[in-house]
Amino acid sequence: MRQALHILWKDMRRHWPEILLVALTTGFWAWKSVETLLPEDDWISPGAAGLLGVLWLAMVARVTHGEPLVGDREFWQTRPYRWYWLLLAKFSFLALFLLGPLGIAEGWMLWDSKLPMEWIWVVLLARNMALLMCLVLMPLMTLAALTRNMVQYVLTLLGLGLVVGLSASLMQLTGLVGAGWLVDRALPLVLVVGTAGLTLWQFARRRTPQVWICLSGLVVLLIGIAFWSFTPLAYKIVYRQAGPESWPVKLVMNSAEGPGTETLHFLKPEDVRGSKGWDTVASFPVTISGVPGKGMGYLEGARVILDGAHGFHWESGWAVPGEGGNQAMLFPGSTDARLSVAADEKLLNRIPKEPVEMHVELATNEFEVVEQRSVSVGWLFTIPGIGNCMGPPVLKGVHSVRCVTAFEDANLSVWSFRQSDSTCRKDDVYDDELNLALVDLSLNPFAPVTHFSPNLENSEAIRGEQQGEICTWTKVQVGRAKPLGRVRRMEDAGQVRVQVEDLATWILVEPKTKEKRPRGAAKPQTRKKHRGRRR
Amino acid sequence: MSAVTVEGLSRRFGRVAALSDVELAIAPGSIFALVGPNGAGKTTLIKVLMNLLPPTAGKATVLGMDSRQVRGEALSRIGYVSENQKLPEWMTTGGMLEYLRPFYPKWDRGLEAELVRQFDLPLDRKLKKLSRGMRMKAALAGALAFHPELIVLDEPFSGLDPLVRDELAEALIDRAEEATIVISSHDLAEMEGFSTHVGYLENGRLRFSEEMAGLLERFREVELTVTDARPAGGLPESWLGLTAGDGVVRFVTSHFEEERTRAEVAAVFPGAERVEFRAMPLREIFLAMARLGRGRNVEAAA
Numbered sequence: 001m002r003q004a005l006h007i008l009w010k011d012m013r014r015h016w017p018e019i020l021l022v023a024l025t026t027g028f029w030a031w032k033s034v035e036t037l038l039p040e041d042d043w044i045s046p047g048a049a050g051l052l053g054v055l056w057l058a059m060v061a062r063v064t065h066g067e068p069l070v071g072d073r074e075f076w077q078t079r080p081y082r083w084y085w086l087l088l089a090k091f092s093f094l095a096l097f098l099l100g101p102l103g104i105a106e107g108w109m110l111w112d113s114k115l116p117m118e119w120i121w122v123v124l125l126a127r128n129m130a131l132l133m134c135l136v137l138m139p140l141m142t143l144a145a146l147t148r149n150m151v152q153y154v155l156t157l158l159g160l161g162l163v164v165g166l167s168a169s170l171m172q173l174t175g176l177v178g179a180g181w182l183v184d185r186a187l188p189l190v191l192v193v194g195t196a197g198l199t200l201w202q203f204a205r206r207r208t209p210q211v212w213i214c215l216s217g218l219v220v221l222l223i224g225i226a227f228w229s230f231t232p233l234a235y236k237i238v239y240r241q242a243g244p245e246s247w248p249v250k251l252v253m254n255s256a257e258g259p260g261t262e263t264l265h266f267l268k269p270e271d272v273r274g275s276k277g278w279d280t281v282a283s284f285p286v287t288i289s290g291v292p293g294k295g296m297g298y299l300e301g302a303r304v305i306l307d308g309a310h311g312f313h314w315e316s317g318w319a320v321p322g323e324g325g326n327q328a329m330l331f332p333g334s335t336d337a338r339l340s341v342a343a344d345e346k347l348l349n350r351i352p353k354e355p356v357e358m359h360v361e362l363a364t365n366e367f368e369v370v371e372q373r374s375v376s377v378g379w380l381f382t383i384p385g386i387g388n389c390m391g392p393p394v395l396k397g398v399h400s401v402r403c404v405t406a407f408e409d410a411n412l413s414v415w416s417f418r419q420s421d422s423t424c425r426k427d428d429v430y431d432d433e434l435n436l437a438l439v440d441l442s443l444n445p446f447a448p449v450t451h452f453s454p455n456l457e458n459s460e461a462i463r464g465e466q467q468g469e470i471c472t473w474t475k476v477q478v479g480r481a482k483p484l485g486r487v488r489r490m491e492d493a494g495q496v497r498v499q500v501e502d503l504a505t506w507i508l509v510e511p512k513t514k515e516k517r518p519r520g521a522a523k524p525q526t527r528k529k530h531r532g533r534r535r
Numbered sequence: 536m537s538a539v540t541v542e543g544l545s546r547r548f549g550r551v552a553a554l555s556d557v558e559l560a561i562a563p564g565s566i567f568a569l570v571g572p573n574g575a576g577k578t579t580l581i582k583v584l585m586n587l588l589p590p591t592a593g594k595a596t597v598l599g600m601d602s603r604q605v606r607g608e609a610l611s612r613i614g615y616v617s618e619n620q621k622l623p624e625w626m627t628t629g630g631m632l633e634y635l636r637p638f639y640p641k642w643d644r645g646l647e648a649e650l651v652r653q654f655d656l657p658l659d660r661k662l663k664k665l666s667r668g669m670r671m672k673a674a675l676a677g678a679l680a681f682h683p684e685l686i687v688l689d690e691p692f693s694g695l696d697p698l699v700r701d702e703l704a705e706a707l708i709d710r711a712e713e714a715t716i717v718i719s720s721h722d723l724a725e726m727e728g729f730s731t732h733v734g735y736l737e738n739g740r741l742r743f744s745e746e747m748a749g750l751l752e753r754f755r756e757v758e759l760t761v762t763d764a765r766p767a768g769g770l771p772e773s774w775l776g777l778t779a780g781d782g783v784v785r786f787v788t789s790h791f792e793e794e795r796t797r798a799e800v801a802a803v804f805p806g807a808e809r810v811e812f813r814a815m816p817l818r819e820i821f822l823a824m825a826r827l828g829r830g831r832n833v834e835a836a837a
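From first to last, the protein sequence lines are chains G and D.
Using my numbering, you'd call the opening residue of the first sequence number 1 and step up by one each time.
Using my numbering, you'd call the opening residue of the second sequence number 536 and step up by one each time.
Only chain G is shown next, with the shape it has when bound in the complex:
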């Protein structure tokens, strides 16, 4: 450990001008970001962010090249360095002098945004820093570890950028099957596991047994993640089974055919143009009730279990309901939702003729509303607990309010926004609807802590029917909910028939017999959509 500290101290003494420059640039960028809520109207803040990016790129290379890992003429290679202390020293340097100033700047931005500095923000910041380390700094460090000097590093970086850009363009042009898989799963995998492996390999220049063990572990992990679905296990671990104290949630399957005659229509997309790679999917409407008065939540996942005569049993995989619409939200009283389930070979080869018992297992993220307040929307206004926001007081059509706030994880805390005192006409769709502002964890260190845009748009009906009308929103209801937990519950959906139809026939020939899909309901989903996380 003393060796790591010694190397770190040496690097600090060598790079102190760069450390100072990064700290000053980070501070300036944070100050400008807080001062200017709408960065698109300002070039200085993005300019500072760009400069910070360049400094990060250069700093990673300079520090790693302090002990070059390529070649056999380097002074340090014949000195009693322990490779793991060297690696730790380099990581520590990046954590302290790149992530450190950024973390402090973000903390200050949170504080400035009137956000209480509770432990949860500290945890979220730490998590963000860890992700930045894994997804940004480690790949850059790997690149530096594979190159001899700055020129090689920059040229390789440009080359990689070119290759990635060309590959992405090719995938878009050709619509390659599996491209979605590549982007969703392979890319982060390659980034994290691949760069970790390469970094280890390079740092332990003399291939020690520990390196072989670590590399073998990484390869096993890589194969495991690539070929084995962790999803069922993840749901099982993360979501606890509903107990007697849980919400009395009930699920009822809605069907145009009427109660007792529900049918699970699986649509086979084989003959539909452009449907290559689509799953055979059944999408069915349900009503979920039982959420208490102060409760709210959303469906994180659902799966269907079918049991029939002659020992027929089939379980679908977990799927994320909805596509970002409100159908996946759970509110007090009854909530209509739409669930989707993909058929596999096991079901398609053995479709039962008789009705079967259907059970739906739901994985829900549950919250309790702890705070609601009415906020006047002005050009610049503060929402206590969220931060400083900006938005026009008069909204017409699609508009958004922009706030600077902390990284917010929907699993930890949610904010809801609701229009009140509007002069706009309300319709059924909009009434009592909470637009949840679920904010993605930002991985971009060069954007303000988070800009999120709670969607305060009017419904399509209003826009369409009252074009040109000014809707004045004087007040917005803002609510904060605290997490209660993640719960898994099995619901009995009664008896259903299972049918597989051709999607082309369903679309072109027989639309009348099918239920008209409500706005925002799921279309037959692609693989990518199934794996996508709702936000």
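These are calculated hints, taken from the structure and not from any lab test.
Mixed in with the good hints there might be a few duds.
Here are the in silico distance ranges between beta carbons for each label pair [what the hints assert, rightly or not]: (1) Arg-603/D x Gln-152/G: 26 to 32 Å; (2) Leu-160/G x Met-600/D: 37 to 43 Å; (3) Val-190/G x Arg-826/D: 17 to 23 Å; (4) Val-54/G x Phe-743/D: 55 to 61 Å; (5) Gly-27/G x Asn-619/D: 42 to 48 Å.
Keep in mind the model is a prediction, meaning the values are calculated, not measured.
Every residue, glycine too, gets a C-beta built ideally from N, C-alpha and C.
Go by the hints and put chain D onto chain G.
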């Protein structure tokens, strides 16, 4: 036990064999000069010993451990300096020595000060601003101040003026009592002055490895006056580079024993009138061997 043992060591770079089946043993406490022409494999052999390169076949043992285990703590027992080593040039000489101290449990501040004084090192100057000789001295100070058991030097005298060479050699001789020294060099006069053993590498093969005194005793330049320069029989294998002209025959014998050599001369040149033996410095032995090797290469190519 030998300080360094090399058994059947080979190292290839693609199709090129840099080392072929090298066998070598270096006794503890010796100063071993590794000599040979450019491209003979000296640097490759040293890099294998230092685990900078893995062997393709065979094995090397350094201070009792496999060369592939020479890493981390083991390197605190070995001082290594190479002519083409990249030093941390942004550091000052004093800064480099200060930086190195904590890496070595046996670092001797007194010895460090002595070496700084002996080499007249400017502690506050950056390494990049030092001359080549000064940089080499700074590197050597950093490689000697921790009382290494093995000192490995790859062409340390290359491109240095005689004064600096002497200073470096003196410092090495001072350390010779407590360490084994392996040194590859083209400066054969310097090598002859303080090496106890010598090994000759040629085309990746070790031609010989023996004590310096024995080698100098073994090689002699022989000159004889003859009326007929045509040999009466086959030449002994130990005769190298035989030339004849104006009634004078010259050659080098690699297995000199006065009586035996006189008998060989009498057998090959029965009319020889005057036979003189001249002791050869290491440089001349090296040149004779190198010419022989080049001749062999030409023959092989033909």
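Each hint, compared with the structure:
For the pair Arg-603/D and Gln-152/G, the supplied restraint of 26 to 32 Å holds, since their beta-carbon distance comes to about 28 Å. Distance hint check: the CB atoms of Leu-160/G and Met-600/D are about 40 Å apart, consistent with the given range 37 to 43 Å. Taken as a hint, the range 17 to 23 Å is violated for the pair Val-190/G and Arg-826/D, whose Cβ atoms sit roughly 57 Å apart. A beta carbon spacing of about 59 Å between Val-54/G and Phe-743/D agrees with the range 55 to 61 Å that was offered as a hint.
The given range of 42 to 48 Å is respected by Gly-27/G and Asn-619/D, whose C-beta atoms sit roughly 43 Å from each other.
Hint 3 from the earlier list is the only one contradicted by this structure; the remaining hints agree with it.
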